[in-house]
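K.L.:
Heads up: the sequence lines are chains A and B, in that order. Residue numbers for the first sequence follow our numbering, beginning at 1 and rising by one. Residue numbers for the second sequence follow our numbering, beginning at 340 and rising by one.
Any given hint could turn out to be false.
Unchecked claim - Sample of chain B residues lacking proximity to chain A, with all beta carbon distances greater than 10 Å (derived):
id, residue
1, L482
2, N513
3, L522
4, D523
Said to hold, decoys possible - Mimicking DSBU-like on lysine-lysine, the simulated pairs with C-alpha atoms at most 30 Å apart in a straight line are:
id, chain 1, residue 1, chain 2, residue 2
5, A, K240, A, K157
6, B, K458, B, K470
7, A, K308, B, K424
8, B, K500, B, K595
9, B, K595, B, K458
10, B, K524, A, K308
Said to hold, decoys possible - Which bits of chain A does chain B cover? Going by a derived footprint, with three or more residues having C-beta under 8 Å, they are:
id, stretch
11, 119–127
12, 136–145
13, 293–307
14, 315–324
Note that these hints are calculated values from the structure, not bench results. This one's a predicted model, so the numbers in the text were calculated from it and none came from an experiment. Each residue gets a CB set at the ideal place from its N, CA and C atoms; glycine is no exception.
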Amino acid sequence: MKNDNTVRFTPKNYVVTAVLLAIVTAALAAAPYWLGRADLRLAGEIMLYISLATLWNLLAGYAGLVSVGQQAYVGLGGYMLFAFTIFIGVPPILAIPIAGVIGALLAIPVAFLVFRLRGAYFAIGTWVIAEVFRLSFAQISALGGGSGTSIPASIVKSMAETRAARESLSYWLAFGLAAFIILFVYLYLRSSKGLALTAIRDNELAASSLGIDIWKTKFFTYVVSAALTSMVGALIFLQKLRISPDAAFSVNDWTAFVIFIVVIGGIGTIEGPIIGAIIFFALRETLADLGTGYLITLGVVAIIIMLKAPNGIWGILRDRFDISFFPLLYRVENQKQDR
Amino acid sequence: MDWVNAIIQGTLLGGLYALFAAGLSLIFGVMRLVNIAHGDLIVFSAYVCLTITTSLGIHPLVALVLVVPIMAAIGYGLQRGLLNKTLGTDILPPLLITFGLSVIIQNTLLQVYTADPQKLSAGDLEIASIKVGSLAVGMLPLLTFAIAVAVIASLQYMFYKTALGRALRAVSDNQEIAQLMGLDKRHIFGIAMALALAVTAVAGVLLGIRTSFDPSVGGGRLIFGFEAVIIGGLGNIWGTLAGGVILGVAQTIGAKIDPGWQILAGHIAFLVVLAVRPNGLFPRMSA
Numbered sequence: 001m002k003n004d005n006t007v008r009f010t011p012k013n014y015v016v017t018a019v020l021l022a023i024v025t026a027a028l029a030a031a032p033y034w035l036g037r038a039d040l041r042l043a044g045e046i047m048l049y050i051s052l053a054t055l056w057n058l059l060a061g062y063a064g065l066v067s068v069g070q071q072a073y074v075g076l077g078g079y080m081l082f083a084f085t086i087f088i089g090v091p092p093i094l095a096i097p098i099a100g101v102i103g104a105l106l107a108i109p110v111a112f113l114v115f116r117l118r119g120a121y122f123a124i125g126t127w128v129i130a131e132v133f134r135l136s137f138a139q140i141s142a143l144g145g146g147s148g149t150s151i152p153a154s155i156v157k158s159m160a161e162t163r164a165a166r167e168s169l170s171y172w173l174a175f176g177l178a179a180f181i182i183l184f185v186y187l188y189l190r191s192s193k194g195l196a197l198t199a200i201r202d203n204e205l206a207a208s209s210l211g212i213d214i215w216k217t218k219f220f221t222y223v224v225s226a227a228l229t230s231m232v233g234a235l236i237f238l239q240k241l242r243i244s245p246d247a248a249f250s251v252n253d254w255t256a257f258v259i260f261i262v263v264i265g266g267i268g269t270i271e272g273p274i275i276g277a278i279i280f281f282a283l284r285e286t287l288a289d290l291g292t293g294y295l296i297t298l299g300v301v302a303i304i305i306m307l308k309a310p311n312g313i314w315g316i317l318r319d320r321f322d323i324s325f326f327p328l329l330y331r332v333e334n335q336k337q338d339r
Numbered sequence: 340m341d342w343v344n345a346i347i348q349g350t351l352l353g354g355l356y357a358l359f360a361a362g363l364s365l366i367f368g369v370m371r372l373v374n375i376a377h378g379d380l381i382v383f384s385a386y387v388c389l390t391i392t393t394s395l396g397i398h399p400l401v402a403l404v405l406v407v408p409i410m411a412a413i414g415y416g417l418q419r420g421l422l423n424k425t426l427g428t429d430i431l432p433p434l435l436i437t438f439g440l441s442v443i444i445q446n447t448l449l450q451v452y453t454a455d456p457q458k459l460s461a462g463d464l465e466i467a468s469i470k471v472g473s474l475a476v477g478m479l480p481l482l483t484f485a486i487a488v489a490v491i492a493s494l495q496y497m498f499y500k501t502a503l504g505r506a507l508r509a510v511s512d513n514q515e516i517a518q519l520m521g522l523d524k525r526h527i528f529g530i531a532m533a534l535a536l537a538v539t540a541v542a543g544v545l546l547g548i549r550t551s552f553d554p555s556v557g558g559g560r561l562i563f564g565f566e567a568v569i570i571g572g573l574g575n576i577w578g579t580l581a582g583g584v585i586l587g588v589a590q591t592i593g594a595k596i597d598p599g600w601q602i603l604a605g606h607i608a609f610l611v612v613l614a615v616r617p618n619g620l621f622p623r624m625s626a
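Excised from the complex, chain A in its bound form (with noise of 0.2 Å):
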């Protein structure tokens, strides 16, 4: 008997997708030509937090480590910016992977202390940590202690000679980030690194026995994601131009914000944090003017998803119309059935 059935990694429409993914990034990547000021400096924005979500969601979706406290290493990342080009001199661009470097030295120790934690513990052990970097953080007068500092001028001005110019560079710095981080993350799950992350996330059991290092795997993956982390929380502060221990690690805007985006958009998937995002983004113009109210929205619909539809919104999607622009399933394809 003949075997109509073939594995393959792509979808059926994979050619539509690829088509509408190059356009959508040809037309991101030329945003500056085409966007007013605003709009830009909001595009820049949603980039910087679909790239914390697009980790966050490697962690939380595919590593298993829900991390409550994440905005330690945007804050450290932010701090490393302004220690490094004001204190060293280092251009604020070099400064960015510098930023990521340090994030991930600093992940490698909290990473031997956090693992000794499981589950929800391991979630308010990275709170924690968070916090000791906020309080030694707020005790270097360097740095402004408490109250924080700001990049001088000549810093910024070194960037690029006129505002329009600085704030495309600003643009394009974080799109590229974003679509490095997503490509990053993407290739890293297609890698036999990613399968056997995702198999320790269904049965750690069961991914130990077939040889795999469990440990090493999750905390490869946090250290990762931790210095990349880093170089967004670096973006976000050169974007900021000003920073101070409670703005640097806040819960809320670090890890509070990107949890919501992940839920809503769909956790455990790439599409998810970039849909969640712009969802995010559109509440937040529509319904800011609530105040705290717009929190109290975002709580609850967050937790009717979690509830209701676990996969979020682009779960719903992907289940209506089959579609899939980031393919890491395989999938079986029934010759006879199909042509």
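Given chain A's structure and the hints, the job is docking chain B onto it.
P.N.:
Frame of chain A, contents of chain B only:
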């Protein structure tokens, strides 16, 4: 003598932290649930007490007669109506839902009571003290510590000597078999959360008498309670008291060295215990 004083004050402060931790420890022990909104529920209790004391004009400690049953009822309702739906093998849903709950509670309090710091006024109790040698020990911290010991002793008694405690331990050990023995786990979990929030109510009121509070302080209280649980060792409720005391002493000694170091010293003590004894100092079960 200053150092002895710091250690005594820290020990008494540890009683409050043990109360923060007891509710957290109880629900983790029974249903493996970690409630991220725990700190916000502590602050919420303080606000409930504030509303009762200002509208009825009664002493905050008298108001406990109302605050405790109100919080217990909220706990039962919360567990039956929402949290029971999230329990399963996946840890993600309960974690994210209690996180959402935390944001909702915090912002609702902000909406209703504004961000202004509030305080529960306990009259003379706040400044009363007794002389021990050349040291003055405040009545309120002493009372807080005594209440913490009493609450923990009654939880311990309830767990090991009563039918309810047996039921709680049964569902904790094996949910399916407990169900077969005629226990309704949804109801038992509801009771556990009611008990946890009753303890939370006591903690919240004592917090509100001791210091001023505003809607944003919940996260910090969750962290202190969590640190006390981990330092003391999971599943050991007396260990939680010891953990609270160690955290309290670390904080007062840190504050003695430099006021900016108070909270940081507590966190460092926690991280040191985590590095040296990852299961806590007196563990009964593994993390």
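K.L.:
Give a verdict on every hint.
P.N.:
Hint check:
1. L482: For L482 of chain B, whose nearest Cβ neighbour in chain A is about 29 Å away, the distance exceeds 10 Å, so it holds.
2. N513: holds, 19 Å
3. L522: The claim holds: L522 of chain B sits with its nearest Cβ about 24 Å from chain A, beyond 10 Å.
4. D523: The claim stands: D523 of chain B keeps its Cβ more than 10 Å from every Cβ of chain A (closest is about 21 Å).
5. A:K240 <-> A:K157: OK: K240 of chain A and K157 of chain A at ~14 Å, within 30 Å.
6. B:K458 <-> B:K470: Given pair K458 of chain B, K470 of chain B holds - Cα atoms ~26 Å apart, limit 30 Å.
7. A:K308 <-> B:K424: holds, 10 Å
8. B:K500 <-> B:K595: Status violated; Cα separation ~42 Å.
9. B:K595 <-> B:K458: Measuring from Cα to Cα gives roughly 25 Å; hence the hint holds.
10. B:K524 <-> A:K308: Holds, at about 22 Å.
11. 119–127: holds (count 7)
12. 136–145: holds (count 3)
13. 293–307: Holds: 10 residues of the stretch 293–307 of chain A have a Cβ under 8 Å from chain B.
14. 315–324: violated (count 0)
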